[in-house]
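Assemble the whole structure, with the sequences as input and the hints as a guide.
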Amino acid sequence: MTTLVYLIPVALFLGALGLVGFLWALRSGQYEDLDGAAERILIDRDDKADQL
Amino acid sequence: MSCCAPDAEMALALNRSEAALPSSQEIRLASRTLGGDLRQTELSVPAVHCAACIKTIETALGKLGRVEGARVNLSTKRVSIRWRGDEVPPFVATLGRLGYDAHLFDPEADGKDKTLSELIRAVAVAGFAAGNIMLLSVSVWSGAEGATRDLFHWVSALIAIPALAFAGGIYFRSAWNALRHGRMNMDVPIAVGVSLAYAMSLYETINHGEHAYFDASVSLLFFLLIGRTLDHVMRERARTAVNGLARLAARGAMVLRDGGTRDYLPVGEIEPGMQLLIAAGDRIPVDGRIVRGASDLDCSLVSGESTPRSVAPGDMVQAGVLNLTGPLSLEVTAAAKDSFLAEMVRLMEAAEGGRARYRRIADRVSALYAPVVHLTAFVTFLGWMAATGDWHRAVTIAIAVLIITCPCALGLAVPIVQVVAARRLFEAGVMVKDGSALERLAAIDTAVFDKTGTLTLGQPRLINASSVDPAMLAIAADMAAHSRHPFSKAIAAFAGLAGQPKLEAVSEHPGLGIEATTAGSTWRLGRRGWAGWKARTGDEGKFGGHGATVLSRNGMIVASFTFEDATRSDAKAAVRQLKDAGVSVEMLSGDIANACGEVAGILGIESFVPGLLPSGKVEHIEALTKVGHRVLMVGDGLNDTPALGAAHVSFAPATAADIGRNAADFVFLRESLLAVPLALDISRKAGQLIRQNLAIAVIYNAVAVPIAILGYVTPLIAAIAMSASSLLVIGNALRLQALGPHTQARSTAPDRRSGIDALAQSS
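Going line by line, the protein sequences match chains A and B. Using numbering that gives the first Met the number 0, the first residue of the first sequence is number 0, and each one after it goes up by one. Using numbering that gives the first Met the number 0, the first residue of the second sequence is number 0, and each one after it goes up by one.
It is worth saying that the hints were derived from the structure and are not from the lab. Don't take every hint at face value.
[As the list claims (entries may be wrong)] Which chain B residues stay away from chain A? Per the calculated CB distances, all over 12 Å, these: (1) T204; (2) N206; (3) R256; (4) G272; (5) G382; (6) T387; (7) F493; (8) N593; (9) L693; (10) I708.
[Claimed, not checked] Among chain A residues calculated to face chain B with C-beta under 10 Å, some are: (11) I7; (12) V9; (13) L11; (14) G14; (15) F21; (16) L25; (17) Y30; (18) D32; (19) L33; (20) G35; (21) A36; (22) R39; (23) I42.
Note that the structure is predicted; figures quoted are calculated from it, not measured. Glycine included, every Cβ here is placed at the ideal spot set by N, Cα and C.
This is the structure in structure tokens:
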């Protein structure tokens, strides 16, 4: 029982961390161009990143 | 020079868009201000295909002056460009040089998809909650007792709150909406079941009870949200693909002011009495009367005529026709909202009937299902009250009945099949606007086709090339290369023979033809009366058809050309397959009877009606509907749009007019007309699977409900039963992927090639 007192919060915290991470990724537009992201890995980057 | 073969399905769109590149005024009009003088333009570039394309485009655009940055989105095949200043940098020309055709699309289309992100967030929250609660539940099922069980229940209750509020909100809102309008949908039993299950579990938890259904209520939401999200993603993909097609209506026009100044105004601001300049290759934005200039107009999208019409000052023209050969000055006679186009929209709205009345299978089932389920639960409650008098026990069992019958499988039964079907159609280049279109398509028994642009490509083809002297044909082809008249393009396709005299002083006479000189002779290619001005009788070319086009040398006719409207590839096979599937095929056209008869003969269509006005097509379809037929309409023109709206279900090719594409339930991107029988086949199979899935759901209930009524359901049994039925339904839906893959292979292989051919011709 005493182990549960910290194990459950730890488990929930880790789960919540994953959830927040996913929501953050969603918000920052990382799911907007999945095909592009897969292809872009093949592009050699020039000295400065091409960002928009 | 795109790195790899561009998508065949997009090649067709490119082929038509070549004529009208967006002007810089148009791009400016469509751009979005980001603050300061920074602007953002979104272009649709259908040919973007791989990493090399991305790199080529981004570097080339980035090097242009005043461009801050460019980023390609490969999923949506778009480029967004940020730029500064007043002058628009030459994006489109730069992309064109690289071999990518670009076009603008509706600015409203780039609004972020709020529903999708809400759905995905809801799935994430529900998934998190369902996972954690299930973990705690497993410990309860495996024997946690006393204080530990209470603790687990309390933690579950806490986790479930955000999930119900956030993820469940979607269902509560939808259910409330339905109830408020006195309707029933699948969301009503879901909302009732989930919220009652939560309330009952909370009560149990407070009273140190044994059975809590937090896991059931949250995982139910999770499963259902997955189905809903997939459904939405599929429709969204279809919508984006259709939006990315070249826009065929003009966005604005050059207005000639009294003082001689020129302004580019959006269509909405053009008023009657203004004078417009229409360059060759532009579409006419509003109805008007020609003041100056002569030209040939391509009316195929407006009236269905396949032969271009030549016009002179004084003639009236309708919005939507394409100006082919010469610049025109136009006096506006009607504002955009009163133009032909708007008239078509009104007709379409008036005609919309079959679709609005149609009720989706899921809604029809739930209208029956929800009352039955709620009644069963209520009767169970009464029964247990009468039998034991223990109201707590009676309520618990009644709610267990609600949970076990909560239509998890039923909620997935229909959408999951439609998602799989839409995916298969997407792979074959057919976009489905929504699931109800698939249900409606499965029910049709009559298919009505438009002729020009649908059964035919709307592009003439030279059919007597073999009987024309090759030397003359070569000269004609050289001359024709200077014009964008459809007949010229057809002749120019025969170029390639070397050794003919070199042409000098080529000039195009709009509405008449092309004139060129070689050493000592004057050649004319065009109308018989104009080119052969010395030939009196005109019986040199008695080939019939459209044989009014001739090549002359110093006024004497030396060759005559006959054209026919090329039929769409596989049109004949498509018609035959439809007939085999038990669908009667008809053709409705605005074109003359002769042209219709020829096409009908070639394709094996027995019944056709020529010379129809847009309202005539609607009346014909309404007449068929009255007799009890379910009509599929396939059409591309503005004049077909009302008919597309009137039909039970409708198809449009990618080359259709903008409003036609928006009105149609299905848009097929490839050239082959086999898309129609393929979609019919898939929709019928999908209908079959939907019925199977509903049967599975009913059988599941028939087994589970008695167990629940007798009070033997525990949270563990509920969790297992619900997951098992959902998995069964999903597995059954996936069988559609495997059913008859050979039909698809047959239909894609040939038109991929022809799509690339079309691209090769256009570049």
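TODO: Would you pick out the hints that fail for this structure and give their numbers low to high?
DONE: 12
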